[in-house]
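Protein sequences appear in the order of chains U and A.
Under this note's numbering, the first residue of the first sequence is numbered 1, with each subsequent residue one higher.
Under this note's numbering, the first residue of the second sequence is numbered 1, with each subsequent residue one higher.
Quick caveat, the hints were computed from the structure, so don't treat them as lab data.
Quick caveat: nothing in here was measured; it's all calculated off a predicted structure.
Be aware that a few hints might be false.
Far from chain A by the CB rule (all over 12 Å, computed), these chain U residues [said to hold, decoys possible]:
| no. | residue |
| --- | --- |
| 1 | Phe52 |
| 2 | Thr75 |
| 3 | Leu86 |
| 4 | Ile92 |
| 5 | Met125 |
| 6 | Met153 |
| 7 | Leu171 |
| 8 | Ile189 |
| 9 | Val192 |
| 10 | Leu200 |
For lysine to aspartate or glutamate, the following EDC-like pairs were computed, each having C-alpha atoms within a straight-line distance of at most 16 Å [to be verified]:
| no. | chain 1 | residue 1 | chain 2 | residue 2 |
| --- | --- | --- | --- | --- |
| 11 | A | Lys21 | A | Glu57 |
| 12 | U | Lys205 | A | Glu57 |
| 13 | U | Lys204 | U | Asp76 |
| 14 | A | Lys21 | U | Asp76 |
| 15 | U | Lys205 | A | Asp62 |
| 16 | U | Lys204 | U | Glu139 |
| 17 | A | Lys47 | A | Glu64 |
| 18 | A | Lys47 | A | Glu57 |
| 19 | U | Lys205 | U | Glu119 |
| 20 | A | Lys47 | U | Asp76 |
| 21 | A | Lys47 | A | Glu18 |
| 22 | U | Lys205 | U | Glu148 |
| 23 | A | Lys21 | U | Glu183 |
| 24 | A | Lys21 | U | Glu148 |
| 25 | A | Lys47 | A | Asp63 |
| 26 | A | Lys47 | U | Asp68 |
| 27 | U | Lys204 | A | Asp39 |
| 28 | A | Lys53 | A | Glu11 |
| 29 | A | Lys21 | A | Asp62 |
Quick reminder that beta carbons are idealized off the backbone N, C-alpha and C, glycines included.
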Amino acid sequence: MSMRALRLIGTFFLIIAIAAGVVGFTVARTEDTGNPIWIITGLVIAAIILTFGYNLRPKDEEGRELMDMIFGDMTDPVQRAIIFRLTVASLIHGLVLGRLVFRDEVGAINIMDGIAQDETGTMIMVIIFTLSLFWCVYECWRFYNIDEFWRNMSVGPIAASGVTLFVMTILWGIARDYLGAPEINVGVIYAVFWLTAMFLMIIKKRWAR
Amino acid sequence: MNNMLPQLRDEQGWSQGELAKRLGVSRQTVNALEKGRYDPSLPLAFKIARLFKKPIEQIFQDDEA
């Protein structure tokens, strides 16, 4: 891989890191204030940073291809629509995930004694969490089905990423039990899966036939 | 596998995006085909051959041939 390609990948991860930092900061703020407007503000700022980063991509073919591989080709209406819907689904999923996990709003549900109001709230959140997750998966599936090239490009890396995540969580569980490693953050699980899949797809795009 | 796609596309004056639209694939697919980083499926190869009105073997050449 050329130094230029490495620089492009480095730039991409820097942009992601800045955007993730903005979202992370706003999630931390939300924990203090309990106001979801901070998460939305963070995501809007992150979207601006990512859009700015996308527009900074090199105009020549090699650089453009690499960045389009990572971001999706935003000039293609099909890919743009999928990415937009995926963003909305991720936003909903992220907001519910934030409430359920980060703010620990999950209450015990006992249906046998009737459903109290706080139990209904938890159940609704779990349903939205599950549906939005399926929506995210469905949109990824549509991306996978854009054409045969994308199917060829994504199937190996996504499977390998799933296996990596599986092995990682098992090893982490062992490390937690026997070495006293801390509890794994749910955000790390999402990040590991996504970044591993992306990294493998970039590698495959560069070298595989 | 080598192919004549860039030349054939240039002859028609199409961009990669235009060719992709005519073939019903993404622009990344056309780019990967032209760079030789991806070999098309048989149905896509036939589609390309029909579009340029040429036999498949005139568009795609096996490296080992």
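Evaluation of the provided hints:
no. : hint                : verdict
1   : Phe52               : 22 Å, holds
2   : Thr75               : 7 Å, violated
3   : Leu86               : 16 Å, holds
4   : Ile92               : 27 Å, holds
5   : Met125              : 37 Å, holds
6   : Met153              : 8 Å, violated
7   : Leu171              : 34 Å, holds
8   : Ile189              : 29 Å, holds
9   : Val192              : 25 Å, holds
10  : Leu200              : 15 Å, holds
11  : A/Lys21 - A/Glu57   : 23 Å, violated
12  : U/Lys205 - A/Glu57  : 25 Å, violated
13  : U/Lys204 - U/Asp76  : 22 Å, violated
14  : A/Lys21 - U/Asp76   : 10 Å, holds
15  : U/Lys205 - A/Asp62  : 21 Å, violated
16  : U/Lys204 - U/Glu139 : 22 Å, violated
17  : A/Lys47 - A/Glu64   : 24 Å, violated
18  : A/Lys47 - A/Glu57   : 13 Å, holds
19  : U/Lys205 - U/Glu119 : 48 Å, violated
20  : A/Lys47 - U/Asp76   : 21 Å, violated
21  : A/Lys47 - A/Glu18   : 15 Å, holds
22  : U/Lys205 - U/Glu148 : 14 Å, holds
23  : A/Lys21 - U/Glu183  : 49 Å, violated
24  : A/Lys21 - U/Glu148  : 14 Å, holds
25  : A/Lys47 - A/Asp63   : 21 Å, violated
26  : A/Lys47 - U/Asp68   : 25 Å, violated
27  : U/Lys204 - A/Asp39  : 14 Å, holds
28  : A/Lys53 - A/Glu11   : 13 Å, holds
29  : A/Lys21 - A/Asp62   : 26 Å, violated
Going down the numbered hints, you'll see the structure goes against 2, 6, 11, 12, 13, 15, 16, 17, 19, 20, 23, 25, 26, 29, while the others check out.
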